[in-house]
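Enquirer: One letter stands for each residue in the lines below.
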Amino acid sequence: MGDCVSQMPVAEGKSVQQTVELLTRKLEMLGAEKQGTFCVDCETYHTAASTLGSQGQTGKLMYVMHNSEYPLSCFALFENGPCLIADTNFDVLMVKLKGFFQSAKASKIETRGTRYQYCDFLVKVGTVTMGPSARGISVEVEYGPCVVASDCWSLLLEFLQSFLGSHTPGAPAVFGNRHDAVYGPADTMVQYMELFNKIRKQQQVPVAGIR
Amino acid sequence: MEAPPVTMMPVTGGTINMMEYLLQGSVLDHSLESLIHRLRGLCDNMEPETFLDHEMVFLLKGQQASPFVLRARRSMDRAGAPWHLRYLGQPEMGDKNRHALVRNCVDIATSENLTDFLMEMGFRMDHEFVAKGHLFRKGIMKIMVYKVFRILVPGNTDSTEALSLSYLVELSVVAPAGQDVVSDDMKNFAEQLKPLVHLEKIDPKRLM
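So the sequence lines, in the order shown, correspond to chains A and B. Numbering follows the working numbering, in which position 16 of the first sequence is assigned residue number 16; successive positions increment by one, without gaps. One gets the working numbering by counting positions in the second sequence from 1 and adding 211 to each.
Honestly, the hints are just simulated from the structure, not real lab data. Being a predicted model, the structure only gives us computed values, none of them experimental. It is possible that part of the hints are untrue.
The list that follows gives simulated cross-link-like pairs (lysine-lysine, BS3-like), each with its CA atoms no further than 30 Å apart [as the list claims (entries may be wrong)]:
(1) B/Lys272 - A/Lys108
(2) B/Lys272 - A/Lys105
(3) A/Lys201 - A/Lys26
(4) B/Lys398 - B/Lys412
(5) B/Lys416 - A/Lys96
(6) B/Lys349 - B/Lys405
(7) A/Lys198 - A/Lys60
(8) A/Lys60 - B/Lys272
(9) A/Lys201 - A/Lys60
(10) B/Lys272 - B/Lys398
(11) B/Lys272 - A/Lys96
(12) A/Lys14 - A/Lys108
(13) B/Lys416 - A/Lys98
(14) A/Lys105 - A/Lys198
(15) B/Lys412 - B/Lys343
(16) B/Lys416 - B/Lys405
(17) B/Lys416 - B/Lys349
(18) A/Lys198 - A/Lys26
(19) B/Lys398 - B/Lys416
(20) A/Lys105 - A/Lys201
(21) B/Lys272 - B/Lys349
(22) A/Lys198 - A/Lys34
(23) A/Lys96 - B/Lys405
(24) A/Lys98 - B/Lys272
(25) B/Lys353 - A/Lys96
(26) B/Lys416 - B/Lys358
(27) B/Lys398 - B/Lys353
Okay, the calculated bits of chain A under chain B, using three or more residues with CB under 8 Å as the criterion [stated by the list, open to error]:
(28) 76 to 89
(29) 97 to 103
From the three backbone atoms N, C-alpha and C, an ideal C-beta is built for every residue, glycine too.
Input sequences plus hints: build the corresponding full structure.
Expert: Following this line, the structure appears as structure tokens:
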């Protein structure tokens, strides 16, 4: 299940929605079949100031994410740190930990869109939104049969080029870290976290047609 | 700061509040066999189930008076089983007639890197122990008869020593908040175990 998550820049002079439509039309022309929708969301928590004093460490950001591909799971991760896979009761635990970890409500980010199946490839094109505003486009491609990331990167690259053209990304960092290690859902979530962080730092996408 | 108080309403903020109802007692080592024999007769018919678990208790200290406690438990004899993370709230003080100890509980199954993750969150391990014993079930009631072992060298579960010459007996049910009839059923079951073992509501605060 080698996955590559990347960002598709919004086309010149077009809105986020129009670019998504361009991409999905290309996929449909290739022969991909629509197979439902997907959603990946991410909430950010930071250590409360009261805990920091006694710990003597700088505040860390913890990301709690969900992926509709794994509806009964919850992923919690630290940047450059471990990624915990837990069941959905983890969200209930975060409510109990309110005094120690504060959620930055405004930074909840999610991507929603359509899933396409093309032979052994699963392509998900989603609109990344923060609150009411669309901030970018995410593209995830999964090659089902392979579990060792480094073995299928060239194949993924070729497939990506066929519909992303010049916007094809480089190899994701997670691929480089552990060459022969088995790829897992946690690696996909790390890629989404990096994508969301990148989009958060970018400027807001100008909306075409505003008077 | 304590976790937000759990009311008797079963649903808070969109999730169901689960409560653990608990009765505890103990038996000396030499009485174990008769107790197991009686439990086998009273409980649901199933293959005798034993367990060997390693539990670590983690604390997160804040500026608040009482630290946040989380329990991480792993099976030492079942390879591949997920780790079990548990939060237990303060016992609900209320109805003195309620027969069992009631506290909010949140159970989460997690991947194996749980301890690394908890350390990253700022938790520090307070103590650990090994629990070895038998497990029985009767409907939704769970009965555990186990011995607690002290770990002599931190992190090394091979060298342990028994904490006492007895077995701890626990009768517990995890049910949504507000179902007090559960504690009546538990009391009735506990009656059937007398005089081999007396299961009662033990308030942890009174022991400190």
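Enquirer: Decide, hint by hint, whether the structure agrees.
Expert: Do the hints match the structure? See the list:
Of the pairs offered as hints, the one joining B/Lys272 and A/Lys108 holds, with about 27 Å between alpha carbons and a cut-off of 30 Å not exceeded. Between B/Lys272 and A/Lys105 the CA atoms are separated by roughly 24 Å; this keeps the pair inside 30 Å, and the hint holds. The straight-line distance between the Cα atoms of A/Lys201 and A/Lys26 is roughly 29 Å, inside the 30 Å bound, and the hint therefore holds. Note on B/Lys398 and B/Lys412: the hinted pairing holds, with a Cα-Cα distance of about 10 Å set against a maximum of 30 Å.
Only pairs whose Cα atoms come within 30 Å are accepted, and B/Lys416 paired with A/Lys96 is accepted, the gap being roughly 21 Å. The suggested pairing of B/Lys349 with B/Lys405 holds, with an alpha-carbon distance near 17 Å, which does not exceed 30 Å. Note on A/Lys198 and A/Lys60: the hinted pairing holds, with a Cα-Cα distance of about 18 Å set against a maximum of 30 Å. Note on A/Lys60 and B/Lys272: the hinted pairing holds, with a Cα-Cα distance of about 16 Å set against a maximum of 30 Å.
Distance hint between A/Lys201 and A/Lys60 is fulfilled; the C-alpha atoms sit about 18 Å from each other, no more than 30 Å. In summary, the hint linking B/Lys272 to B/Lys398 is not supported, as the alpha carbons are separated by about 37 Å, beyond the 30 Å threshold. In summary, the hint linking B/Lys272 to A/Lys96 is supported, as the alpha carbons are separated by about 14 Å, within the 30 Å threshold. Restraint check for A/Lys14 and A/Lys108: the C-alpha separation of about 25 Å stays at or below 30 Å, so the hint holds.
A C-alpha spacing of about 24 Å is found between B/Lys416 and A/Lys98, which places the hinted pair at or below 30 Å, so the restraint holds. Between A/Lys105 and A/Lys198 the alpha-carbon distance is near 18 Å, which keeps this suggested pair within the 30 Å criterion. At roughly 23 Å between alpha-carbon atoms, B/Lys412 and B/Lys343 fall within 30 Å of each other, so this suggested pair holds. At roughly 25 Å between alpha-carbon atoms, B/Lys416 and B/Lys405 fall within 30 Å of each other, so this suggested pair holds.
A hinted pair counts as satisfied when its Cα atoms are at most 30 Å apart, and B/Lys416 with B/Lys349 qualifies at roughly 29 Å. With a CA separation close to 25 Å, the supplied pair A/Lys198 and A/Lys26 stays within the 30 Å bound. Note on B/Lys398 and B/Lys416: the hinted pairing holds, with a Cα-Cα distance of about 22 Å set against a maximum of 30 Å. In summary, the hint linking A/Lys105 to A/Lys201 is supported, as the alpha carbons are separated by about 17 Å, within the 30 Å threshold.
Distance check on the hinted pair: B/Lys272 and B/Lys349 sit about 38 Å apart at the alpha-carbon level, beyond 30 Å; violated. With a CA separation close to 28 Å, the supplied pair A/Lys198 and A/Lys34 stays within the 30 Å bound. Of the supplied pair hints, the one linking A/Lys96 and B/Lys405 is violated, its CA atoms being roughly 38 Å apart against a limit of 30 Å. For a cut-off of 30 Å, the pair hint linking A/Lys98 to B/Lys272 stands: about 14 Å separates their Cα positions.
A distance of roughly 25 Å separates the Cα atoms of B/Lys353 and A/Lys96; the hinted pair therefore holds under the 30 Å criterion. For the hint pairing B/Lys416 with B/Lys358, the CA-to-CA distance comes to about 22 Å; that is within 30 Å, so the pair holds. Distance check on the hinted pair: B/Lys398 and B/Lys353 sit about 13 Å apart at the alpha-carbon level, within 30 Å; holds. Against chain B, the region 76 to 89 of chain A contributes 10 residues with a C-beta closer than 8 Å to a partner C-beta. That satisfies the three-residue criterion, and the hint holds.
For the region 97 to 103 of chain A, the stated coverage by chain B is satisfied: 5 residues place a CB nearer than 8 Å to a CB of that chain, which reaches the threshold of 3.
When each numbered hint is compared with the structure, violations occur for hints 10, 21 and 23.
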